[in-house]
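Visitor: As they're listed, the protein sequences go chains U and R.
Whatever position you read off the first sequence (first residue = 1), add 66 for the numbering used here.
Whatever position you read off the second sequence (first residue = 1), add 19 for the numbering used here.
Simulated from the structure, these hints should not be mistaken for lab results.
Careful: at least some of the hints might be erroneous.
[Said to hold, decoys possible] Cut-off 20 Å, straight-line C-alpha distance, at most; resulting in silico cross-link-like pairs (SDA-like, lysine to any residue):
{"hint": "1", "chain 1": "R", "residue 1": "Lys119", "chain 2": "U", "residue 2": "Lys79"}
{"hint": "2", "chain 1": "R", "residue 1": "Lys119", "chain 2": "U", "residue 2": "Ser145"}
{"hint": "3", "chain 1": "R", "residue 1": "Lys68", "chain 2": "R", "residue 2": "Asn94"}
{"hint": "4", "chain 1": "R", "residue 1": "Lys119", "chain 2": "U", "residue 2": "Gln103"}
{"hint": "5", "chain 1": "R", "residue 1": "Lys80", "chain 2": "R", "residue 2": "Glu107"}
{"hint": "6", "chain 1": "R", "residue 1": "Lys119", "chain 2": "U", "residue 2": "Ser117"}
{"hint": "7", "chain 1": "U", "residue 1": "Lys79", "chain 2": "U", "residue 2": "Ser131"}
[As the list claims (entries may be wrong)] Computed from the model, here is a short list of chain U residues facing chain R with C-beta under 7 Å:
{"hint": "8", "residue": "Leu109"}
{"hint": "9", "residue": "Phe111"}
{"hint": "10", "residue": "Ser160"}
{"hint": "11", "residue": "Phe169"}
Note that the structure is predicted; figures quoted are calculated from it, not measured.
Just so it is clear, CB atoms sit at the ideal spot from N, CA and C, and this is done for glycine as well.
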Amino acid sequence: KAGVTQTPRYLIKTRGQQVTLSCSPISGHRSVSWYQQTPGQGLQFLFEYFSETQRNKGNFPGRFSGRQFSNSRSEMNVSTLELGDSALYLCASSRVNTGELFFGEGSRLTVL
Amino acid sequence: AQSVTQPDIHITVSEGASLELRCNYSYGATPYLFWYVQSPGQGLQLLLKYFSGDTLVQGIKGFEAEFKRSQSSFNLRKPSVHWSDAAEYFCAVGGAGGNKLVFGAGTILRVKS
Chain U
67 KAGVTQTPRY
77 LIKTRGQQVT
87 LSCSPISGHR
97 SVSWYQQTPG
107 QGLQFLFEYF
117 SETQRNKGNF
127 PGRFSGRQFS
137 NSRSEMNVST
147 LELGDSALYL
157 CASSRVNTGE
167 LFFGEGSRLT
177 VL
Chain R
20 AQSVTQPDIH
30 ITVSEGASLE
40 LRCNYSYGAT
50 PYLFWYVQSP
60 GQGLQLLLKY
70 FSGDTLVQGI
80 KGFEAEFKRS
90 QSSFNLRKPS
100 VHWSDAAEYF
110 CAVGGAGGNK
120 LVFGAGTILR
130 VKS
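The following block holds chain R by itself, in its conformation from the complex:
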């Protein structure tokens, strides 16, 4: 069965510090992997995606993620966090041919000044 695990429910980082959000997935075929962000009262916004090729992908707002097939992981990183990055982050997995995604439970990021 397809599943996504985000081990950290909450993470607090200081503004300017680096960030890594963890994501592990289980998927029977070649996965399409995504990170979405949701601000309070808003819908989700796509940060970045991985389909194939280079395992380090760049996204919007200075985020990047690295796909590691051997570890079934797709961790999200940012070298320097800004207060405006405070939000909930969701990792998701899907496959070719459709838009049915399986989402992780989300990680709430708090940024302290």
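Excised from the complex, chain U in its bound form:
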């Protein structure tokens, strides 16, 4: 069974640009969550999508957005990038609503 796939794995952007990250969940998983991981703030919840609807949202500015498609694949977008957005962005999928998450290897974003 294929795991959670995130693309791209690494990317470099400059301040002011925008970025789109993609996540393909495990087959049959309808929930996709996104987390930001930084050395200073640790792991922070961004948002969760279930059946194309945002179910939960973390405390991030509106520059961070996401969506989920009918095949459960998800994308997240960050607009007007700031230096502080440099982080590892982790996607996790789940079949149930209990916190049992299966994580991808992440997309490492560097903002210059």
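For chain U, the structure is supplied; the task is to place chain R on it using the hints.
Guide: Frame of chain U; chain R shown alone:
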């Protein structure tokens, strides 16, 4: 507010020695508790979880954790550590009905031979 505290940033143990990683949580309702492990350059992997029932839970790779409600703790243990256990360990708390987790800052485990 929900929070998770992992008091130890780094822990070093000898291979074959026992291990205990500490976790304290604050959560307003019945907590769902988790331990995840992250190897360098990898995503997180679920080690074990506690929802209800028996307060001692078994996980993968020989790990176990004990839920103590009176102490708001969920410490992770392993009787004999292997070099391959070197990684970063995260305790997390959530609730019913969603996958929004609050993670602790993590504990980096180093294993010396």
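Visitor: Take a quick look at whether Lys79 (chain U) and Ser131 (chain U) sit within 20 Å of each other, Cα to Cα.
Guide: holds, 17 Å
Visitor: Are Phe111 (chain U) and chain R close enough, Cβ to Cβ, to be under 7 Å, as the hint says?
Guide: Status holds, d = 5 Å.
Visitor: For the pair supplied as a hint, Lys80 (chain R) and Glu107 (chain R), is the alpha-carbon distance within the 20 Å limit?
Guide: The hint holds at about 15 Å.
Visitor: Please verify that hint: Phe169 (chain U), Cβ, nearest Cβ of chain R, below 7 Å or not.
Guide: holds, 3 Å
Visitor: Take the C-alpha atoms of Lys119 (chain R) and Ser145 (chain U), compute the straight-line distance between them, and say whether it is at most 20 Å.
Guide: Violated, at roughly 23 Å.
Visitor: Is the Cα-Cα distance between Lys119 (chain R) and Gln103 (chain U) 20 Å or less?
Guide: Roughly 15 Å separates the two Cα atoms, so the pair holds.
Visitor: Would you mind confirming whether the straight-line C-alpha gap from Lys119 (chain R) to Ser117 (chain U) stays at or under 20 Å?
Guide: Within the cut-off at roughly 16 Å; holds.
Visitor: Any CB of chain R closer than 7 Å to the CB of Leu109 (chain U)?
Guide: holds, 4 Å
Visitor: Is it true that the CA of Lys119 (chain R) sits at most 20 Å from the CA of Lys79 (chain U)?
Guide: Given that 20 Å is the threshold and the Cα spacing comes to 28 Å, the pair is violated.
Visitor: Take the shortest C-beta to C-beta distance between Ser160 (chain U) and chain R; is it under 7 Å?
Guide: holds, 5 Å
Visitor: Would the hint linking Lys68 (chain R) and Asn94 (chain R) be met if the CA-CA limit is 20 Å?
Guide: Cα-Cα ~12 Å, so holds.
Hint compliance for this structure: hints 1, 2 are broken, all remaining hints hold.
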